[in-house]
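Novice: For reference, the chains in residue letters:
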Amino acid sequence: MKYVWPIVMLVAAAGLQGNLPKAVSILGARPDLVLVVLISYSLAADPAFGATLGFFAGLLHGSLVGFSLGSFIVTRTITGFLAGMVTARLFSENPLVPALSAIWLTIVCEALFLLANPSPDIAIAFRKVAGECIGNAIFTIFAFFAIRSLNTRRKIKLANARI
Amino acid sequence: MLSILREKAVLTLLVLVVLGVGIGVGHDRALDSGSSFLISDVVSLVVRPGASVFHMTTVATGAAARMARPRHSLLKENADLRREVTRLRKENAVLAEAAQENQRLRVALGLKESSRTEMISTEVISRKESTWFDTATIDKGRRAGVRKGWAVITSGWRLIGQVLEVDAFSSRIVALTDSNSAIGAMVQRSRSSGILQGQAGDYLVLSYLPKDADVKVGDVVVSSGMGQVVPKGLVIGRVVKVVRSEVMGSTKALVRPSIRMDQIEQVFVVKPGQSVPQ
Numbered sequence: 001m002k003y004v005w006p007i008v009m010l011v012a013a014a015g016l017q018g019n020l021p022k023a024v025s026i027l028g029a030r031p032d033l034v035l036v037v038l039i040s041y042s043l044a045a046d047p048a049f050g051a052t053l054g055f056f057a058g059l060l061h062g063s064l065v066g067f068s069l070g071s072f073i074v075t076r077t078i079t080g081f082l083a084g085m086v087t088a089r090l091f092s093e094n095p096l097v098p099a100l101s102a103i104w105l106t107i108v109c110e111a112l113f114l115l116a117n118p119s120p121d122i123a124i125a126f127r128k129v130a131g132e133c134i135g136n137a138i139f140t141i142f143a144f145f146a147i148r149s150l151n152t153r154r155k156i157k158l159a160n161a162r163i
Numbered sequence: 164m165l166s167i168l169r170e171k172a173v174l175t176l177l178v179l180v181v182l183g184v185g186i187g188v189g190h191d192r193a194l195d196s197g198s199s200f201l202i203s204d205v206v207s208l209v210v211r212p213g214a215s216v217f218h219m220t221t222v223a224t225g226a227a228a229r230m231a232r233p234r235h236s237l238l239k240e241n242a243d244l245r246r247e248v249t250r251l252r253k254e255n256a257v258l259a260e261a262a263q264e265n266q267r268l269r270v271a272l273g274l275k276e277s278s279r280t281e282m283i284s285t286e287v288i289s290r291k292e293s294t295w296f297d298t299a300t301i302d303k304g305r306r307a308g309v310r311k312g313w314a315v316i317t318s319g320w321r322l323i324g325q326v327l328e329v330d331a332f333s334s335r336i337v338a339l340t341d342s343n344s345a346i347g348a349m350v351q352r353s354r355s356s357g358i359l360q361g362q363a364g365d366y367l368v369l370s371y372l373p374k375d376a377d378v379k380v381g382d383v384v385v386s387s388g389m390g391q392v393v394p395k396g397l398v399i400g401r402v403v404k405v406v407r408s409e410v411m412g413s414t415k416a417l418v419r420p421s422i423r424m425d426q427i428e429q430v431f432v433v434k435p436g437q438s439v440p441q
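Protein chains in written order, with my numbering: chain A, 1 to 163; chain B, 164 to 441.
So that you can see chain A by itself, here it is in the shape it has in the complex (with noise of 0.2 angstroms):
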């Protein structure tokens, strides 16, 4: 049941992705936003959370590119997994906290991809890779902030209705 509302997130990201207007690219990347949303649940959760809706979120965006499915899925369950690990060693009610996440999250996620399917040109895959990543941490605040926000207020009603 945890994973439902995460994965209709990832769907809905996943459907945003390829109309993403060209203006919100940043050096000739758009963020991420099937990525922005595994970091900002990975990053409220637990290392095994992170890890299997990694995996669903790479599934789905590597069915939707249809190139690397397997790359696209190993490289996001990973993601998921290393998200999962900053909650217990990080306090996370700074806005910097899941912005810098996001930002290494997404270095680690794409030079693990990079190595699997390397670029012809290292120079474009750098620029982009720097885009990509301005991009996600800001994405990042307001994904994080927002879903934290809805948890909590399911939690409530939760405990609401069990009193």
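It is possible that part of the hints are untrue.
Calculated from the model, a selection of chain B residues having no Cβ within reach of chain A, i.e. all distances over 12 angstroms [what the hints assert, rightly or not]:
#, residue
1, Val180
2, Pro212
3, Asp243
4, Glu247
5, Ala261
6, Arg267
7, Arg269
8, Lys303
9, Gly319
10, Leu327
11, Arg352
12, Gln391
13, Gly396
Capping the alpha-carbon separation at 27 angstroms, the derived lysine-lysine pairs in BS3-like fashion look like this [said to hold, decoys possible]:
#, chain 1, residue 1, chain 2, residue 2
14, B, Lys415, B, Lys395
15, B, Lys303, A, Lys22
16, B, Lys415, B, Lys303
17, B, Lys415, B, Lys374
18, A, Lys2, B, Lys374
19, A, Lys155, B, Lys171
20, B, Lys303, B, Lys395
21, A, Lys22, A, Lys155
22, B, Lys404, B, Lys434
Worth flagging that the hints you see were computed from the coordinates, not collected in a lab. Small disclaimer: the values here were computed from a predicted structure and weren't measured. Beta carbons: idealized from backbone N, C-alpha and C, even for Gly.
Fit chain B to the known structure of chain A by using the hints.
Specialist: Below, chain B without anything else, positioned relative to chain A:
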């Protein structure tokens, strides 16, 4: 080591990674053989409606933004369109006359009627879904007769790319600019032919040209029809730079595509073996 493996999270990660590798291998095999991959098909069925809704919203928002303009701007556009209609009517009359003359001459010379090009009209519902691949999704799939490898063009017989993967109701297309894309192409003027490859950027490279190939900046590059899947003569772009390597004994040309993936809305999937009107 064993104690780490016993941890639930690490075990979950390992199982999922192995499963991911397995799915990836299965998908790559299906892609190579041109057959469908069940998991992708199911995921597509789930994601497509959402993508279509977002696409329709984007189109409607764009249309609303265009409508909400000052009156003088609309009047100017109206006047421009009226002038365009008058010009096109004149052009149409001239072309109708030329077509009739062409028909009469064909009959007189006993030439066969050139075959009509069979195409499937589709709309792009999402594009550039990943940072690393130049792909898009169109709203027609196996049910509409689309097949893997077929050429995808837009108005003016301009080649955009090829069909990469097909499911029941939609297909993924890969642009010529994608680094995984390679097709046979030639310089229209001199007929020097080579292989056109994407570079994951804004330009394409026409390589494997002979050392003394007759190619100049500004030349139009068209599809060569090699492999008989992509029809011959589809416009690809213009040469912007020529690199001749004395050591390798070869010539390369940098080509700017005539159209980019982000500029297209409506595309046509062309069945193999079609002739392009010259």
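Novice: Which earlier hints can't be squared with this structure?
Specialist: Of the numbered hints, 1, 2, 10, 16, 18, 21 and 22 do not hold.
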